[in-house]
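> Chain W is already provided as a structure; the job is to place chain U on it using the hints.
So you can see what is in the structure, the chains are spelled out below.
There are 2 protein chains.
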Amino acid sequence: MTRAKLIRSLDDILDAAKRLATRRKVVLAPAEQDEGLRSLAEALRRGIVAPVLVGDRNRIVKLARSLRVPLGKMELVDEPDPLRAVQAAVGLCRRGEADILMKGAISTDQVLRAVLDRENGLASGKLLTHVTVFESPDRKRLMFMSDPAVNINPDAGRKIEIIQNAVAAARKLGIARPKIALLAATEKINPKDMPATADAAIITKMYETGQLTGADAAGPFGLDVAVSSFAAECKGISGPVAGKADILICPEINSANIFYKTLVYFAGREMAGVVLGAKAPMVVTSRSDSAATKLYTIALAAVLGGGE
Amino acid sequence: MTRAKLIRSLDDILDAAKRLATRRKVVLAPAEQDEGLRSLAEALRRGIVAPVLVGDRNRIVKLARSLRVPLGKMELVDEPDPLRAVQAAVGLCRRGEADILMKGAISTDQVLRAVLDRENGLASGKLLTHVTVFESPDRKRLMFMSDPAVNINPDAGRKIEIIQNAVAAARKLGIARPKIALLAATEKINPKDMPATADAAIITKMYETGQLTGADAAGPFGLDVAVSSFAAECKGISGPVAGKADILICPEINSANIFYKTLVYFAGREMAGVVLGAKAPMVVTSRSDSAATKLYTIALAAVLGGGE
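Line by line, the protein sequences are chains W and U.
So that you can map any letter, position 302 of the first sequence is 302 in my numbering, and since no number is skipped, the others follow by simple counting.
So that you can map any letter, position 118 of the second sequence is 118 in my numbering, and since no number is skipped, the others follow by simple counting.
Possibly wrong hints are sitting among the right ones.
You can't tell identical chains apart in this list, so a pair holds if it fits in one copy or across any two.
Unchecked claim - Mimicking DSBU-like on lysine-lysine, the simulated pairs with C-alpha atoms at most 30 Å apart in a straight line are:
#, residue 1, residue 2
1, K279, K188
2, K18, K73
3, K18, K205
4, K235, K62
5, K140, K192
6, K62, K126
7, K5, K244
8, K235, K140
9, K18, K188
10, K18, K140
11, K172, K140
12, K279, K126
13, K192, K62
14, K192, K5
15, K140, K244
16, K205, K126
17, K62, K140
18, K192, K235
19, K5, K188
The set of hints was computed from the structure by calculation and includes no laboratory data.
The following block holds chain W by itself, in its conformation from the complex:
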């Protein structure tokens, strides 16, 4: 495996997607959805991906006209039934005819069901997890956080799977040996009242003893200790991860989701986020995501997907 070049910013993800030897194929289904069409058109215009649209051809053509989205360079597969459209898109990814699955006019639950289908799905044996990518406080490097959207209350075993997907993503963006912080409200291990601190102890011990490898892990850490060397020093905490974490693992979905949304709504940050663990990365953007976040997300999926 050649070592991936380090990608330091969200804009660098766009550049990396453009530099790929072949354009990744993103299949949007059902494609009769304005924000999906619009963001794929923009990704195409920038040379980031090659779009495939699966859905109701008549409605797609009409919608594209009203949005002034040119369809000339997009493949189009007619499948008016939304659920069958998603299944067809999943089939394209399974057969290697597309690289990335993108949710259109259908609920996330229905997409996940099609992806997890035993016979015709995209299951790879890994846990499906959402990985969010954003820039560090000083904006000099990328950071990863999980899981704000898919896994509700993961135990230590599930957290290890969440970590593995995040580590794979970090490696693809050039971080050879990621630094993982297991977050909680405190650095004290409190197995009775704060299970997240116990999970952190278990997992960091597994990295210490070499049962898990390829990364440095530390925690439980407050977010301050994970991202600020000054805060870590104030609290007397050292080690390779303190103040310099690449990957933040949240205790459960509420804290991860609130973290994500604080970055967007208070810190004014753009993000990129994909669902990993299936045979193809999945793009599940939200209507309220900014246009930039949607574009970064498609580019991130392009960089993470495909065979390279």
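Coordinates of chain U only, in the frame set by chain W:
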């Protein structure tokens, strides 16, 4: 009760503290602590509070000299034993000889134990809760969040007490009828897997039926729906709280603590935060808090404390 004037920013809290008819007395114990002494000296210089120092007189005098903190306008009570110093400070607050208790060179646990002491403490029958104050995304008004520091995993009953302390604080800062959002990762009620969404349903129903009064409550809300009218509209959610929440109640301590620290370390925000529920507000700043945050915290305690 006269209606409090609306305070819109952290700097306005400083001004409000200065405008109080009498300077609030803040008692720092044990006072032989550099950042406590420094921030109280700054608060005194700005005319925000009147400091009282309880602790080892010799060490305090020496420390003040090395920090160039003038002690002339500070009361000084000699009590070399740290635990007894805290107990003496609690006694001053209990007898109304001081208005605000400030943690010095001792652990928060030990301060809380002295405050909760049945015979000689400051218990008022209310739950002790940490309330954090910060500026809204557009910085045009203040918002409140709880509980990032004291209550680990509150059930619905405890959350009501957390809300009551936050509502009391919001009222003192001029928000007559606060809008409360109960946060979770989603707007869907999922009693089986996401207890925070069930707590949100219980509490909002209690406000709807008039069992709880004096505020509007809504949730479960993602943070986006609570603070962004655009996000609320995208998700089809309306009502008085959506996009305009004054008070954010987090599911438990991890999410609240991560929210707090994301505001500080990614959004670059200053904060103010006090522990409420005892007969006097408590200031429990952390060594890594910025000087501005420490000053805003003392000013907030001044505005919330005392008899007015």
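> Decide, hint by hint, whether the structure agrees.
We went through each hint and held it up to the structure:
no. : hint        : verdict
1   : K279 x K188 : between (38 Å within a copy, 29 Å between copies)
2   : K18 x K73   : within (16 Å within a copy, 66 Å between copies)
3   : K18 x K205  : neither (40 Å within a copy, 51 Å between copies)
4   : K235 x K62  : between (60 Å within a copy, 25 Å between copies)
5   : K140 x K192 : neither (38 Å within a copy, 41 Å between copies)
6   : K62 x K126  : neither (39 Å within a copy, 61 Å between copies)
7   : K5 x K244   : within (19 Å within a copy, 43 Å between copies)
8   : K235 x K140 : within (24 Å within a copy, 33 Å between copies)
9   : K18 x K188  : neither (45 Å within a copy, 38 Å between copies)
10  : K18 x K140  : within (21 Å within a copy, 41 Å between copies)
11  : K172 x K140 : within (18 Å within a copy, 41 Å between copies)
12  : K279 x K126 : within (9 Å within a copy, 53 Å between copies)
13  : K192 x K62  : neither (59 Å within a copy, 42 Å between copies)
14  : K192 x K5   : neither (43 Å within a copy, 44 Å between copies)
15  : K140 x K244 : within (12 Å within a copy, 33 Å between copies)
16  : K205 x K126 : within (22 Å within a copy, 40 Å between copies)
17  : K62 x K140  : neither (43 Å within a copy, 42 Å between copies)
18  : K192 x K235 : within (23 Å within a copy, 38 Å between copies)
19  : K5 x K188   : neither (37 Å within a copy, 41 Å between copies)
The structure shown violates the earlier hints numbered 3, 5, 6, 9, 13, 14, 17 and 19.
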